[in-house]
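Quick note, the sequences are listed as chains A and B, same order.
Residue 350 in the working numbering sits at position 350 of the first sequence; the count goes up by one each step and never skips.
Residue 507 in the working numbering sits at position 112 of the second sequence; the count goes up by one each step and never skips.
Hints in this document: simulated from the structure, not taken from any laboratory.
Mixed in with the good hints, there may be bad ones.
Cβ pair distances, simulated, as ranges [what the hints assert, rightly or not]: (1) B:401 with A:85: 21 to 27 Å; (2) B:447 with A:83: 48 to 54 Å; (3) A:100 with B:528: 26 to 32 Å; (4) B:402 with A:100: 43 to 49 Å; (5) B:536 with A:119: 40 to 46 Å; (6) B:404 with A:329: 32 to 38 Å.
A few chain B residues that don't get close to chain A, going by computed Cβ distances all over 10 Å [to be verified]: (7) 422; (8) 423; (9) 465; (10) 519; (11) 542.
Ideal placement from N, C-alpha and C gives every residue a C-beta, glycine not left out.
Here is how the chains run, residue by residue.
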Amino acid sequence: MPMTLTQLVVMALLQIVLLLAFVMMLVPLITFAERKVIAYVQVRLGATRTAGGLWGAQAGRTHKSRTLTGGLNGLMWYLGRVPMLSIFRGLPVFIADAVKLLTKEDIVPEGADKAVFILSPAISVISAFTVFSAVAFAPGALFTFPAWFPIVGGLPFNAFLTDINVGLLFILGISSVGVYGIVLGAWASNSKYPLLGGLRSAAQIISYEVPLTLSLLVPVILTGSLNFNEMARRTATEVHWLAIPLLFVGFFIYTTCAFAETNRVPFDLAEAETELVSGFHTEYTGMKFSFYFLAEYANMILVSALAAGFFLGGHYLLPFGFQTFLMKAGETAWFNQPSILFFLGKVLFLLFVFIWVRATLPRYRYDQLMHVGWKYLIPYTLVLIFVAALIRYIA
Amino acid sequence: MAASFLRTLIPFDIYGGMKLTGKYFGKVFIQSNRQKKRTHFTAEYPEVKVKLAPRYRGRLQMIKDEQGEIKCVCCLACEKICPTQVITIEKGKKEGRKTPYPTRYDFEMERCIFCEFCVESCGFDSIILNHQFELAAYNREDFSHGMEGGFQNMFDVTPVGHYSVAEDVQ
Numbered sequence: 001m002p003m004t005l006t007q008l009v010v011m012a013l014l015q016i017v018l019l020l021a022f023v024m025m026l027v028p029l030i031t032f033a034e035r036k037v038i039a040y041v042q043v044r045l046g047a048t049r050t051a052g053g054l055w056g057a058q059a060g061r062t063h064k065s066r067t068l069t070g071g072l073n074g075l076m077w078y079l080g081r082v083p084m085l086s087i088f089r090g091l092p093v094f095i096a097d098a099v100k101l102l103t104k105e106d107i108v109p110e111g112a113d114k115a116v117f118i119l120s121p122a123i124s125v126i127s128a129f130t131v132f133s134a135v136a137f138a139p140g141a142l143f144t145f146p147a148w149f150p151i152v153g154g155l156p157f158n159a160f161l162t163d164i165n166v167g168l169l170f171i172l173g174i175s176s177v178g179v180y181g182i183v184l185g186a187w188a189s190n191s192k193y194p195l196l197g198g199l200r201s202a203a204q205i206i207s208y209e210v211p212l213t214l215s216l217l218v219p220v221i222l223t224g225s226l227n228f229n230e231m232a233r234r235t236a237t238e239v240h241w242l243a244i245p246l247l248f249v250g251f252f253i254y255t256t257c258a259f260a261e262t263n264r265v266p267f268d269l270a271e272a273e274t275e276l277v278s279g280f281h282t283e284y285t286g287m288k289f290s291f292y293f294l295a296e297y298a299n300m301i302l303v304s305a306l307a308a309g310f311f312l313g314g315h316y317l318l319p320f321g322f323q324t325f326l327m328k329a330g331e332t333a334w335f336n337q338p339s340i341l342f343f344l345g346k347v348l349f350l351l352f353v354f355i356w357v358r359a360t361l362p363r364y365r366y367d368q369l370m371h372v373g374w375k376y377l378i379p380y381t382l383v384l385i386f387v388a389a390l391i392r393y394i395a
Numbered sequence: 396m397a398a399s400f401l402r403t404l405i406p407f408d409i410y411g412g413m414k415l416t417g418k419y420f421g422k423v424f425i426q427s428n429r430q431k432k433r434t435h436f437t438a439e440y441p442e443v444k445v446k447l448a449p450r451y452r453g454r455l456q457m458i459k460d461e462q463g464e465i466k467c468v469c470c471l472a473c474e475k476i477c478p479t480q481v482i483t484i485e486k487g488k489k490e491g492r493k494t495p496y497p498t499r500y501d502f503e504m505e506r507c508i509f510c511e512f513c514v515e516s517c518g519f520d521s522i523i524l525n526h527q528f529e530l531a532a533y534n535r536e537d538f539s540h541g542m543e544g545g546f547q548n549m550f551d552v553t554p555v556g557h558y559s560v561a562e563d564v565q
């Protein structure tokens, strides 16, 4: 159905709002999950209550308090008896986290380059959010607007913002801009530790950009496309059986590079507390810091979405191209239908893996990081590309 | 050679570590609710008190025997050995009791270092350091314990939170 310009704009705005809301809501939930998962790995309970003292003197001391936070804590205390719901005790902490970040004092250090200092977190967060415009959460429409709906009535609401043919190139290009935010912010801080952290981060991201892109070339070669939907569909359902182990190995290499790309443990050298106070964002406070925070977690969601889309079978049920065998059962079966639920499940699992790895592995030394990147990952990915080309030639 | 090459190629150690932490995660994740046998080490403090070790040194407390008589015989051993001199005993007499009777037994907790020398020196087992650890108070006078008068009791464990101003507010 052809759309008028108004319909196009309104539809795009609706999609953007939904996408931003999704990412922005997921980020604080990931921070909550991070607290909980790391606590469970360390045989603790993590956050189980909020702080007291809100709306009432001496609140929150026990679950018997008659104030707002005290009552909330009492609710969570009784929730602790319910077997599976007890995981969600302490969930209001994520609101407290967000409020704390937003209400903190905003300090610009003396001697800092003020314009760049303010601009660089914006660069980071804009690049982190812009890439989601090329990510398809489901291949088709999520739902159709009912006919009575103003302006966009009767139109399908797509689960992707744009369906561009060079989607992967767009994603990789825009997400590389994020490193400018880190380097410029570090440099503009007029402080030693941020500068060192920023330089480390720049070197790390630039060296891991190479194996990351090379490992993403494997699905590109296998599918012969750069379109997100097309690649997700073909890697899941139309690959040669020889490509299954290739995708399996490629997934692990891609994930390793993704950890380094997003500055996560075990490659979070940019914010190594023991050497650099907290890396490039040492001098950042309040909203500006929360922008960096948001960008880091949005990047995590992005690399998880890419891994889920190109290696774990995208919008289909089975990972690594196993869906190819399942497709013989018939196109109409429910497990052969692409769904946003399969995709989101995979993304959430990968986000869990991010936290799981953070709770397990210690930080690499800087020379070890470069060693792993240049001496191991790049040769591995080159071999993978060679094998992928062979399979493409055979099939 | 081949084995070491394979070891560099496939990160077995990372797999082992992830397996271990994953095992712990699963265990605590499934049983994170309150139950008799806990899998986690978290003490949910204000609601559930931690069970202390038997040798924990809390507040000084005087002990009575089965007849309800104070066991202390005023030998002043605890007063003498106390490094910070927080114990003051006044010797006295009581009807129908052969041994001396303490008419005053003052204990000033604000200077006490909880060394347990007094308990060790006592030959009659008449004092102990009990298991009370919530000893904070808002007023200095609250730290002076004695045998008489209001909550300044040497014989019982102080009720929890008794010293806090919040209790009076609510």
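Let me make sure I understand: some of the numbered hints might not hold for this structure. Which ones are they, in numerical order?
Violated: hints 1, 2, 5, 7 and 8.
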